[in-house]
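Protein chains: 2
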Amino acid sequence: MRKGELTRKEIEQQPSVWSSALVETGEKKERVKHLPIEPEEVIFYGSGSSHYSALSASMVYQELTGVRSRGTPPSEIFLFPRPFTVTEEILVFPISRSGTTTETIEATTEFVNNHDAYSIGFTCHPDSDLAETVDFCISIEDAREESVVQTKSFTSMLIALQRTASTMGENEKFFKNLEKLPAKAKKVIRKSYDTVGKMVDEDDFHHFVFLGGGPLYGIAMESMLKMEEMVLEHTEGYHPLEYRHGPKSMIDDETLITLYASDSGVEYEEDLLRELKNLGATLFVVSENGRMRGMSDYSLELESGLDEFARAPLCVIPAQVMGLEFALNEGVNPDSPRHLQGVIKLGKGEK
Amino acid sequence: MRKGELTRKEIEQQPSVWSSALVETGEKKERVKHLPIEPEEVIFYGSGSSHYSALSASMVYQELTGVRSRGTPPSEIFLFPRPFTVTEEILVFPISRSGTTTETIEATTEFVNNHDAYSIGFTCHPDSDLAETVDFCISIEDAREESVVQTKSFTSMLIALQRTASTMGENEKFFKNLEKLPAKAKKVIRKSYDTVGKMVDEDDFHHFVFLGGGPLYGIAMESMLKMEEMVLEHTEGYHPLEYRHGPKSMIDDETLITLYASDSGVEYEEDLLRELKNLGATLFVVSENGRMRGMSDYSLELESGLDEFARAPLCVIPAQVMGLEFALNEGVNPDSPRHLQGVIKLGKGEK
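Residue numbers (the UniProt record's numbering), protein chains in the order written: chain W, 1 to 351; chain Y, 1 to 351.
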């Protein structure tokens with residue numbers, strides 16, 4: 001098999017798998033609507049890519065339901081439980097592609113056994129340990145992957161989380177918007193290959209930065225992880241305006257900065273782009289409408305008609321394609337990254 | 001002036017400035033005790049280093065008071081306010097060395113004007129914009145810096161935040177422990193020069209990682225920022241167990257990983273160290289008692305007698321010294337990093 005073929009296939013399957021995710025989640029709609037709890041706090045958690053979908057999904061959930069929501073790595077929950085157990089009415093959303101990630105199971109057990117939390121798991125494996133630990137599970141089997149690096153599983157579980165939030169927030173309009181995502185994804189995949197192809201042709205980049213805020217902060221961090229895992233290059237993720245406060249010291253002529261343009265902070269972001277350009281960075285803007293096209297070196301317009309809470313899964317596609325194409329260009333196989341396995345299980349003080 | 005002299009002076013002033021921070025904060029004790037609000041939520045925010053002291057301080061506050069606490073960059077507050085305005089009884093702690101950081105002022109104005117929040121500012125400049133915006137300010141003038149990069153201002157404002165948390169949590173024992181910090185700092189500074197001196201002598205490191213959880217996550221991130229700003233090398237910060245989920249792909253024989261050992265997760269951390277060692281990283285453990293000395297290449301024992309919530313400011317000292325000494329070793333002047341200014345003010349759509 002050619003290098004990167006697994007990853008390429010899984011990226012390109014996203015439109016159809018996203019449809020499956022919407023169907024699978026829709027079938028659990030009645031259970032989601034009639035939970036035996038009125039949550040005062042909702043906690044999303046997972047490790048690696050699932051940590052970043054937790055960050056993004058918690059912002060969406062907060063926006064649609066008004067209920068206090070936060071995302072965290074699971075290790076923080078069982079090592080430092082206090083911030084997560086202030087109320088007695090806790091709803092938790094553990095996220096794990098394999099359904100076997102040790103920390104995610106351990107955090108869920110802590111919540112269920114010691115804090116009487118209600119739990120809904122998100123996974124690609126319905127027969128996993130996670131599925132046995134939670135009250136019920138939303139499983140997207142079509143999102144299972146052969147590649148170590150998550151692509152379609154990340155976006156599909158994120159869409160399942162968005163769909164669940166729309167049900168709990170009784171937001172029909174948002175749900176209708178989610179249904180547009182699969183068709184939009186096809187176009188974004190095509191545009192991503194076009195734009196990233198040009199970047200790779202003039203590839204002198206050895207430092208990558210991804211910037212996003214609100215629901216797109218998790219997307220920026222997931223993008224960072226794609227580049228680190230697949231391309232093994234120095235990559236960072238930040239909230240856009242935070243990047244000015246120190247990290248910009250690292251900019252040189254090998255720096256490529258990707259901004260996920262928000263709806264809320266356009267004027268600040270334009271100001272930021274001007275400064276980053278002056279410092280010598282190459283700029284790539286992923287935006288809804290291309291408003292900042294003239295200020296950037298590369299531009300990809302999503303043209304989704306969706307707000308930043310709904311379009312989040314589309315935004316990560318260009319970074320998935322960057323991971324694939326930059327890796328191949330450097331002779332690295334993105335299907336099986338250095339040092340990594342598909343599932344992380346921890347011993348606890350084992351020799 | 002020799003390169004790095006400002007930074008060196010400010011690192012070494014920490015024991016005496018920490019005493020000033022405790023005195024200044026103590027003098028505001030009665031005001032802190034008798035706030036005209038019973039907060040249901042406390043929000044800590046700042047940019048750059050102050051973002052990371054916000055993350056650390058919010059964990060301390062949560063632990064000591066039981067009141068829901070979180071840390072965030074200020075841009076998230078005014079661009080995506082919903083997660084921060086769920087309750088009507090909000091206490092906010094804006095943090096800004098200069099007291100003029102645009103985003104921190106803007107977030108404070110949002111809270112005060114639109115959400116009737118009560119605000120206590122933390123700064124080194126009592127006559128600043130921040131001081132005029134908040135209900136009252138805790139100002140540590142001795143923590144003002146000539147260097148662009150924050151060292152003593154970060155730790156002193158963190159100690160002021162810890163002291164405030166101990167007052168609000170009526171935790172006399174924790175307060176007594178904070179009073180031990182200045183004397184402990186002297187020893188940790190000396191040990192840091194010793195240990196970092198050895199590292200620099202065999203410096204083949206071009207990739208630095210800092211790992212810490214709970215109250216030490218903010219410390220790991222601040223350490224990351226010190227290395228980026230001063231040394232301009234590829235540096236990352238993570239929760240310890242999260243580092244396994246992808247980022248470890250970047251480990252090679254030029255990687256130096258610093259772990260801030262916790263009290264809560266020792267067994268997990270020992271397991272982690274074994275794996276990182278097998279992947280070829282060089283390991284530096286900053287711990288209370290040296291339990292993991294045999295598993296690491298470099299070890300610094302704080303021997304403070306303090307728990308992880310109290311000893312957080314001590315932990316960052318080795319990273320400050322790493323920034324200074326690695327920069328000098330590479331011929332970079334840590335007093336005036338590339339691209340950076342001491343104060344960040346933003347235009348908003350200005351040309």
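If you're looking for bench data, these hints aren't it; they were derived computationally from the structure.
Errors might be hidden in some of the hints.
Where chains are identical, the list cannot tell them apart; a pair therefore holds if satisfied intra-copy or between any two copies.
To be verified - Below are the SDA-like pairs computed for lysine to any residue, each with C-alpha atoms no more than 20 Å apart in a straight line:
{"hint": "1", "residue 1": "173", "residue 2": "135"}
{"hint": "2", "residue 1": "345", "residue 2": "12"}
{"hint": "3", "residue 1": "345", "residue 2": "270"}
{"hint": "4", "residue 1": "28", "residue 2": "170"}
{"hint": "5", "residue 1": "186", "residue 2": "20"}
{"hint": "6", "residue 1": "345", "residue 2": "278"}
Computed from a predicted structure; not experimentally measured.
Measure nothing new, just compare the shortest in-copy and cross-copy C-alpha distances for residue 173 and residue 135 to 20 Å and report within, between, both or neither.
Answer is neither: 28 Å inside a copy and 41 Å across each miss the 20 Å cutoff.
Give the relationship of residue 345 and residue 278 under a CA distance limit of 20 Å: within one copy only, between copies only, both, or neither.
This pair counts as between: shortest inter-copy Cα distance 16 Å, intra-copy 45 Å.
Intra- versus inter-subunit Cα pairing at 20 Å for residue 186 with residue 20:
This pair counts as within: shortest intra-copy Cα distance 15 Å, inter-copy 60 Å.
As a check of your reading, is residue 345 near residue 12 (CA-CA no more than 20 Å) within one copy, between copies, both or neither?
neither (29 Å within a copy, 43 Å between copies)
Which holds for residue 28 with residue 170 at a C-alpha limit of 20 Å: within a copy, between copies, both or neither?
Only inside one copy: residue 28 and residue 170 sit 14 Å apart there, 47 Å across copies, limit 20 Å.
Intra- versus inter-subunit Cα pairing at 20 Å for residue 345 with residue 270:
So residue 345 and residue 270 pass the 20 Å test across copies only (15 Å; inside, 43 Å).
Of the numbered hints given earlier, the model fails hints 1, 2; all others are met.
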